[in-house]
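Sequence order for the protein chains is C and F.
Just so we're aligned, residue 1 is where the first sequence starts under this note's numbering, counting upward by one.
Just so we're aligned, residue 471 is where the second sequence starts under this note's numbering, counting upward by one.
Honestly, the hints are just simulated from the structure, not real lab data.
No experiment lies behind these values; they were computed from the predicted model shown.
Among these hints, one or two may not hold up.
What the simulated footprint calls covered on chain F by chain C, stretch by stretch (three residues with Cβ under 8 Å from a Cβ of chain C suffice, anywhere in the stretch; the number is not a length) [said to hold, decoys possible]: (1) 621-631; (2) 662-669; (3) 886-893.
Within a straight-line C-alpha distance of at most 25 Å, the following computed DSS-like cross-link-like pairs (lysine-lysine) qualify [to be verified]: (4) F/Lys875 x C/Lys212; (5) C/Lys212 x F/Lys821; (6) F/Lys682 x C/Lys212; (7) F/Lys528 x F/Lys473; (8) C/Lys220 x F/Lys690; (9) F/Lys682 x C/Lys405; (10) C/Lys294 x F/Lys682; (11) F/Lys914 x C/Lys444.
The beta carbon of each residue, even a glycine, is placed where N, CA and C say it ideally should be.
Here's the letter readout for the chains.
2 protein chains.
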Amino acid sequence: MLKRDVREKLIAIVGEENVEDNNASLLAYSYDSTARYQALPDAMVAPRNKHEVAAVVKVCNEHRIPIVPRGSGTNLCAGTTPSEGGIVLIFKHMRKILEIDEENLTITVQSGVYTKDILEAAQQVGLFYPPDPGSMHISQIGGNISENSGGLRGLKYGVTRDYVLGLEIVLPNGEIIQTGGKLAKDVAGYDLTRLYVGAEGTLGVITEAILKLIPQPETKQTMLALYHDLEAAAESVSAIIANRIIPATLEFLDQATVQVVEDYAKIGLPTEAKAVLLIEQDGAAEVVARDMEKIATLCRDNRAFDVQVAQTNEEAEQLTAARRTALSALSRLKPTTILEDATVPRSKIAKMVKAIGEIAEKYQLTICTFGHAGDGNLHPTCLTDARNEQEIELVEKAFAEIFEKAVELGGTITGEHGVGMMKLPYLHLKAGEHGLEAMRSIKKALDPNAIMNPGKMFDPHTKQSTGVEK
Amino acid sequence: MLKRDVREKLIAIVGEENVEDNNASLLAYSYDSTARYQALPDAMVAPRNKHEVAAVVKVCNEHRIPIVPRGSGTNLCAGTTPSEGGIVLIFKHMRKILEIDEENLTITVQSGVYTKDILEAAQQVGLFYPPDPGSMHISQIGGNISENSGGLRGLKYGVTRDYVLGLEIVLPNGEIIQTGGKLAKDVAGYDLTRLYVGAEGTLGVITEAILKLIPQPETKQTMLALYHDLEAAAESVSAIIANRIIPATLEFLDQATVQVVEDYAKIGLPTEAKAVLLIEQDGAAEVVARDMEKIATLCRDNRAFDVQVAQTNEEAEQLTAARRTALSALSRLKPTTILEDATVPRSKIAKMVKAIGEIAEKYQLTICTFGHAGDGNLHPTCLTDARNEQEIELVEKAFAEIFEKAVELGGTITGEHGVGMMKLPYLHLKAGEHGLEAMRSIKKALDPNAIMNPGKMFDPHTKQSTGVEK
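Only chain C is shown next, with the shape it has when bound in the complex (with noise of 0.2 Å):
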């Protein structure tokens, strides 16, 4: 619990409505996406501006009391989950597309604006926002900002960060900076807004960003290839690459994640296929059509028995939004799903997923895997229930061997979902020691009383609040 006169600053900067601390506020805010993991704020606190985020983490560095930025929490990682209290923060009022720069291709938003007003903000004058998160039509792109949000696109487009230009940062003594700008050049000191882009909340709060933007594509096209075995779907992936053509996406579907989806969807997808390739390319119309074509003889080549192409819009939009569901239609088998993001180079997928099967077998536990083949950013999915605490111990076990495999394979313990609570154990491992303590002396010098969302990526280094009874 906040104490009197912290609460009362409080609602001093961002009036009495913005600050909520019944039982039933604390308890929406005390967990996010990620299955297993809750702990409750002292206070939910929603400021109306720049200044007012500026004004609460100044009261708040002085108590040291945690901050937790929040958006939509469709997070997987435990990131945006209060493990040390203190008050969440979030952004409902700053949702404004402050500007859409036609000539810089750029568009100016705070950090509350929803992922998918932007992607629709830019269609509306034919620019393309090319990350698209699992999540983006819930979250909010401070999150996708502070989290390095992937997605489907990944392959030829690259992630959240590619698009970041410059940002509007609270710091965690309060100082409002700018970083970047309206610049495809910027090398004036230390790349301030790319440490800031995936740093997961912990050196700051994110306020607004500018955007990059890029022509819409001018077409594009949806194809799946079926196979009776997953080498041969990964090895077409390589086929696609060797031959130079970059799918503006390319995706792995495994036979457990079809038929769910499937279930889930009903719009006829092949169950009877082992393995499932979903692949889109976008362009110019003629380098479409050379591309598809070349795809669907690759797949073929390769041991495809079937090559789907989209005839229409309508059948391809369903087929990348049936993608899409995989995890809401997993869920709906178990209890608790646990997603992960395990990832390795593009030529390592087909090992990846024969090690993860492995893995499965020998705990007994059902792990379905599909993902982003083009970057080698693999989903395997646990679908268990978290109150079988034997199973739960088996679950972690597993996927502490899946993420040992990822690193062996010149990958990494997550490609897109963050560090947060549930990777925390594990970030040694692609870090190293000396990696990790690097991390931790940029964190001790820009946070120093570890204030900002303490408990994620790495253990908070010192805790002591003033403000917070307990």
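Dock chain F against the given chain C, drawing on the hints supplied.
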């Protein structure tokens, strides 16, 4: 001069032949490509591998000896001038291309590899490494990464940062870390990779890099558009982008530059034009043909009095090669050439070029302007004489005004050259005091003894060497 015991320790690590401290060597490493900056180091050290780099850094850290990592010294910001003495670290033994991975589209290189060799190695297997800084024929990739070098293809393809997937870094404490990997997606902890890109050697020594390659564009076309006035050229740039075309290259040269380049290259450049755009598009043949036709029409609609399309590859090569000689050509005219790279949002180019002209006139200086119009990265170049103290004072005043104007227009003090010593006094203009403080705190956290390239980017926080005799 290095103390005898330190000198012996260094020789024990790298061998006697790889420590040079005779006067000729010290003089050779006392300056880089930046006019008016010079300082003698205490020694040149050339480690043979990363372990030797690490051992050298440990010795230097112990004795607080400044380390200046240096590629070919082609930077234009006095980024490798050993202003605090110490050792200059060179990479002549670390020039190996370690691997081209055609499946993951990566190239792994040691930091001493020449940029041009990377482009050529990629090209040989039908792949493409887009960053092409002006000095790419002799620059080394370690320097490119440390300066986040840009080039002519920034608009469409981005800068060095966009192609660095992973790094091997020797930290200031002498520990070796690996960041990133052959991964399109990786969010395991802070983005150390991008923090070190553009850190100008102030946070550690880069020893190896994994770079991203992309498929080689099928075809390329080049044209010149000639104008009677600058505004018309700037409006053409805006019109091209407004029509959702992103050319591979979109360069601007003013009349003075065109004349000087023509005097030098003698290829029949249109010296009668007040402003010239050099435009290149690459990609699939149909798309390039269509884009070039549209671009030509847009240029004519925006008052180009002539549009000349290169008829052969040789002719096209000649044009871009001529553009690349701009700096060399200009440097023939006066004893001292000071090349700047104030950068503004693309939409502000006309305003910026006009302001540069007014400032030149105000101070009665010769400033030629050329640069990357597509990304707002201009190179106002002052032809002067460093021995004329009175004029140099005016030059400094003029550039200070140019930087202020750039920032006022939403731009930056440096688009691709870096801060180094040269822009150190101006960094606060772009970063702001709190941003600068955040950067300094990162520097202090990672390099507490201030041994890494001290005196660059910001004033060193401490510099009591115990390993050098004054």
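Structure-based check of all given hints:
no.: 1; hint: 621-631; verdict: holds (count 5)
no.: 2; hint: 662-669; verdict: holds (count 6)
no.: 3; hint: 886-893; verdict: holds (count 5)
no.: 4; hint: F/Lys875 x C/Lys212; verdict: holds (23 Å)
no.: 5; hint: C/Lys212 x F/Lys821; verdict: holds (22 Å)
no.: 6; hint: F/Lys682 x C/Lys212; verdict: holds (20 Å)
no.: 7; hint: F/Lys528 x F/Lys473; verdict: holds (16 Å)
no.: 8; hint: C/Lys220 x F/Lys690; verdict: holds (24 Å)
no.: 9; hint: F/Lys682 x C/Lys405; verdict: holds (23 Å)
no.: 10; hint: C/Lys294 x F/Lys682; verdict: holds (24 Å)
no.: 11; hint: F/Lys914 x C/Lys444; verdict: holds (11 Å)
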